Every structure is written in structure tokens, then in C-alpha cells.
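There are 2 protein chains.
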Amino acid sequence: MDIHNTELFKGVTYEECNKMLHCFKTEFREYSAGEHICDYSETEKYIGIITKGSVKIIRTDENGNNSILEHLGENGIFGKYIAYATGAGDGIYVECETPCEVVYIGSEHITKRCSNACECHSRVVENMFDIVTKKSVELSRHLYVLSSRSTRDKLLSYFRLMCEQNKNTVIELPFSTTALAEYLCVDRSAMTRELKRLKDEGIIIMDKRKVRLITGDDFNN
Amino acid sequence: MDIHNTELFKGVTYEECNKMLHCFKTEFREYSAGEHICDYSETEKYIGIITKGSVKIIRTDENGNNSILEHLGENGIFGKYIAYATGAGDGIYVECETPCEVVYIGSEHITKRCSNACECHSRVVENMFDIVTKKSVELSRHLYVLSSRSTRDKLLSYFRLMCEQNKNTVIELPFSTTALAEYLCVDRSAMTRELKRLKDEGIIIMDKRKVRLITGDDFNN
DNA sequence: ACTTTACTGTTGCAAATGCAACAACTATAA
DNA sequence: TTATAGTTGTTGCATTTGCAACAGTAAAGT
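Chains F and U, in that order, are what the protein sequence lines are.
Here the first sequence is numbered in the working numbering, starting from 461 and rising by one per residue.
Here the second sequence is numbered in the working numbering, starting from 461 and rising by one per residue.
No lab work stands behind these hints: they were computed from the structure.
Please read these numbers as outputs of a predicted model, since none were measured by experiment.
Take these hints with a grain of salt, some might be off.
Identical chains blur together in the list; that is why a pair holds if it fits in one copy or across any two.
[Claimed, not checked] With a straight-line cut-off of 30 Å between C-alpha atoms, the simulated BS3-like cross-links for lysine-lysine are:
| id | residue 1 | residue 2 |
| --- | --- | --- |
| 1 | LYS505 | LYS627 |
| 2 | LYS540 | LYS627 |
| 3 | LYS572 | LYS505 |
| 4 | LYS470 | LYS540 |
| 5 | LYS540 | LYS594 |
| 6 | LYS512 | LYS470 |
Sequences and hints are given; from them, build the entire structure.
Printed below as a string of C-alpha cells:
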């Protein structure tokens with residue numbers, strides 16, 4: 461994906477974008493699968509935009525256990541403004557998943573205005589706010605799901621959120637059930653058991669990764 | 461608190477701030493305790509800064525149950541850029557807690573640059589990013605705590621985060637234990653039971669809202 | 001001073017959950 | 001093809017947890 465078409469430059473013409481990119485002194489780098497891209501603590505002064513491939517944001521806790529905080533594909537963004545909480549002995553780093561290309565931009569270029577006060581620059585700032593806000597909503601959604609006390613309710617609120625987002629009563633899980641259990645922070649086997657109950661009780665219909673929610677008001681479509 | 465001293469205008473001189481405030485066409489309003497300030501869905505085009513008193517952000521779910529998403533005191537900010545996830549039938553609104561004063565600013569004034577390209581305006585943008593990022597970190601911290609599977613681990617990771625933040629092995633809970641249970645999304649009585657166990661096992665010492673974590677390496681200070 | 005509301009501590013019990021372990025299956029790489 | 005790693009479904013069991021209920025205390029308002 462061309463950097464001109466990424467979310468950060470949405471609504472900006474090709475020419476304007478080029479001018480800005482030049483003005484921003486961007487850097488470009490390529491990585492191969494498995495490569496360590498950077499430690500998150502180093503990203504205090506720049507953002508990275510993934511224009512090709514995918515990366516993982518990984519937390520390593522004091523005991524050396526890894527957990528994946530996020531998958532970022534094309535158009536994904538990390539670094540300044542996109543922060544994660546860290547515990548005491550924890551480290552967070554960015555790792556290349558599939559061969560990828562990253563464009564780096566110094567964060568001061570985003571906020572500082574050049575003397576021209578170009579209109580397009582305002583647009584970039586707006587876009588950056590959109591991106592950050594979207595991330596917050598994502599976190600907030602996750603929190604919303606986790607605030608349910610039982611596995612059953614976690615599953616149901618997750619399904620409901622997804623259905624609402626897709627404006628549909630059928631959803632396709634974006635990851636494996638193993639990963640879903642991780643997302644919901646519950647034991648996988650216990651979750652499978654609960655899914656079985658939901659199926660048996662006719663509350664959901666599930667086929668592979670397709671899930672249909674059977675609600676009281678529209679069980680016939 | 462004077463609007464000039466709020467986080468959004470940090471690092472901006474009094475005069476510059478005045479100019480901007482004039483340029484921004486801010487609005488000012490006062491509310492009395494219990495008053496409904498606004499529905500969160502209306503805040504698509506502005507932000508509100510609390511210069512006096514406090515407000516609550518409240519979610520009402522489809523069954524009419526209320527839950528407090530956040531308390532905001534002086535310097536607190538809500539509206540555009542500060543988003544919350546909503547479920548299907550949920551509504552989110554802002555309610556006055558103690559008599560308060562709110563300054564409203566149209567969000568377009570923050571991102572758009574005026575023709576002067578004043579330095580101070582960049583500073584405001586930076587500050588806004590800081591505020592939003594801080595919120596994200598807060599969400600991320602909450603998520604981190606909730607990702608523990610047991611009540612015990614939730615308590616411990618919460619205590620550890622607090623200790624680290626305060627650079628101390630003693631913390632003072634910022635809310636009642638009832639509210640803590642809500643924050644951890646666990647049953648209050650079950651949590652009290654677990655706290656008792658932690659005390660009995662000598663892992664924590666607790667007196668009212670003061671908690672001391674007894675770790676392996678520094679049990680004597 | 002009295003009323004009311006909120007907070008805290010406790011307990012019994014049924015139900016939910018994490019954990020461990022195993023087998024079947026799929027996908028991927030060698 | 002075989003080997004290897006990852007995913008899924010299942011079950012027994014000990015433990016944790018939510019829930020309901022009650023009593024005592026603290027705080028706040030009238």
C-alpha cells in the first residue's frame with residue numbers, strides 16, 4: 461500500500477502529500493519475518509506506519525511470558541500517541557510477522573505547523589486524532605466485553621458488539637477460538653464448554669468461525 | 461481553576477491563551493449537582509473542559525442499569541477525541557456530580573490552523589494529543605488489570621501497577637473497596653474474602669485504604 | 001439528634017471456572 | 001511423504017466465584 465493512501469493522509473492530494481512527506485523527512489525501512497523492529501520504549505519521538513506486511517506488538521512480562529497486544533497489518537500504526545500500559549518488569553516490543561515495510565515520521569512534524577499553515581496539514585492532524593480515537597474505542601470495546609463477570613456474558617457481549625458493528629446477526633470471528641479465549645481472558649476449555657451450552661440452548665448457531673446470534677425478536681431471519 | 465491553567469493550554473502564555481480563546485469562540489456554562497449535562501452522542505463536534513467541580517460519565521444499558529465509566533474533576537475533559545464504546549441499547553451521558561463549570565470548545569478550532577500559524581496553536585495540538593494518549597494509557601492499564609483471570613491476580617496486578625506509579629510499596633486506594641470491586645469487575649464479597657486471604661498469608665498489609673505490598677525482596681522497609 | 005444512605009465484613013451454597021491431560025484434526029514446513 | 005506445530009473438542013476434579021442475605025459501622029443530610 462502506498463503511503464499516500466494510508467489513513468494518516470486521507471483527504472490529501474498526491475502532490476500535497478509528497479510535499480509534506482519531503483518536509484517531514486520520512487524514513488523508510490524493510491524487515492523480514494521474525495525480525496525485531498524496535499522496543500516500544502524507543503518510540504517516544506516518532507510513529508511508524510506499516511505500508512506492507514504485518515507486525516505484532518508483544519508484551520514480555522517479568523517471567524518471560526509473551527502475550528500479543530495487537531496485530532497490525534497494512535495501514536497499521538504504532539509509536540508515539542499509541543501507548544500501552546506496562547507493568548513493572550514488562551517490556552513491549554514490535555516484531556515483524558510477515559515481511560513488511562515501515563514508514564517512519566518524526567512526531568514533531570505532525571503537531572508543529574510549518575510557516576505556510578497549509579490546509580492539508582490540518583487534515584493530517586485531524587486524521588491522526590481519528591486514528592488515536594479509534595484505538596481508544598477499540599480499547600474501550602475490549603474493556604466493555606471484559607467487564608462481564610461470567611464467560612457466558614463475555615461471549616454474548618462480544619457477539620453483540622460484533623453484530624452491531626457489522627449490522628448483521630451473523631458474524632465471522634476474526635481469529636481462532638483459542639485467540640478468542642485469550643481476548644476474553646478466560647480458559648479456552650471452559651469457554652468451549654460454555655459455547656457448547658449456548659449452542660445446546662439455541663442461543664447461538666455456530667459453524668466453524670461463523671456465529672449467528674438468535675435473539676428473541678428476530679429468530680426467523 | 462482558570463481555563464488558562466488547564467492541561468490543554470499548558471505552556472501557553474496568558475496573552476496568547478486569551479487570543480486563542482477569543483478566536484475559538486468558547487462557551488461557558490454552569491451546572492448544579494445532579495443536573496444532566498449532555499448526552500455523549502451529542503459531543504461529536506466539541507470538547508468540554510471542567511474548570512470547577514466534578515462530573516460523572518455514566519453508561520445506561522438496555523435494562524436501565526447504570527455504571528460509572530469515569531469521574532472527572534477539575535481539568536477533566538470530555539467530548540470529541542475522548543470516546544467510549546457503546547453496546548446496542550446503551551446510552552452514555554454526562555452528569556454533574558458537584559456544582560461545576562464547563563468551558564466548551566468546538567473541536568474544529570483545535571485541529572484547523574488559523575492563517576497566522578501561531579506557535580502556541582501547535583502547543584495546544586500537542587497538549588490535546590497528550591491528553592488523549594493519557595486516556596488511552598489509562599484504558600490500557602485497566603485492561604492489563606482485567607486480563608488476570610483470578611480475583612487474586614487482579615488485585616495483585618492492580619496493587620503492583622499502583623505501587624510502580626507511586627514509586628512506593630505503600631499505596632492509598634483512590635476509592636472505596638466497593639468501587640474497587642467494580643473497577644476489577646468482580647463480586648465485592650468475593651473480593652473481600654480474597655483480600656482477607658492475602659492478609660492472612662502475609663502478602664499484603666492493609667489498614668483502611670492503605671495497602672502495603674510485601675514482596676520477596678523488600679519485606680523489611 | 002435522628003434518619004437515611006452508603007460502605008464493610010461475613011457466611012453458606014450452588015454454579016462456574018481454571019487447570020491438567022488426552023485425543024483427533026489441520027496446516028505448514030522439511 | 002513425514003514430521004512438527006498449532007487448533008479444537010472433551011472430561012474429571014479441586015477451587016474459585018457469584019449470589020443472596022444479614023448485621024454492624026460510617027457518613028451525610030435534615
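Hints versus structure:
Taking identical chains as interchangeable, the C-alpha atoms of LYS505 and LYS627 lie at most 30 Å apart only when they sit on different chains, with a minimum of 25 Å there against 39 Å within one chain. Taking the closest pair of Cα atoms, LYS540 and LYS627 come within 30 Å of each other only across two copies (24 Å); inside a single copy the shortest separation is 33 Å, beyond that limit. Taking the closest pair of Cα atoms, LYS572 and LYS505 come within 30 Å of each other both inside a single copy (13 Å) and across two copies (23 Å). In the homo-oligomer, the alpha carbons of LYS470 and LYS540 lie at most 30 Å apart both inside one protomer (19 Å) and across protomers (19 Å), since each shortest distance falls under that limit.
In this assembly of identical chains, LYS540 and LYS594 lie within 30 Å of each other by CA distance both inside one copy and across copies; the values are 15 Å within and 11 Å between. Taking the closest pair of Cα atoms, LYS512 and LYS470 come within 30 Å of each other only inside a single copy of the chain (17 Å); across copies the shortest separation is 38 Å, beyond that limit.
Violated hints: none; the structure is consistent with every hint.
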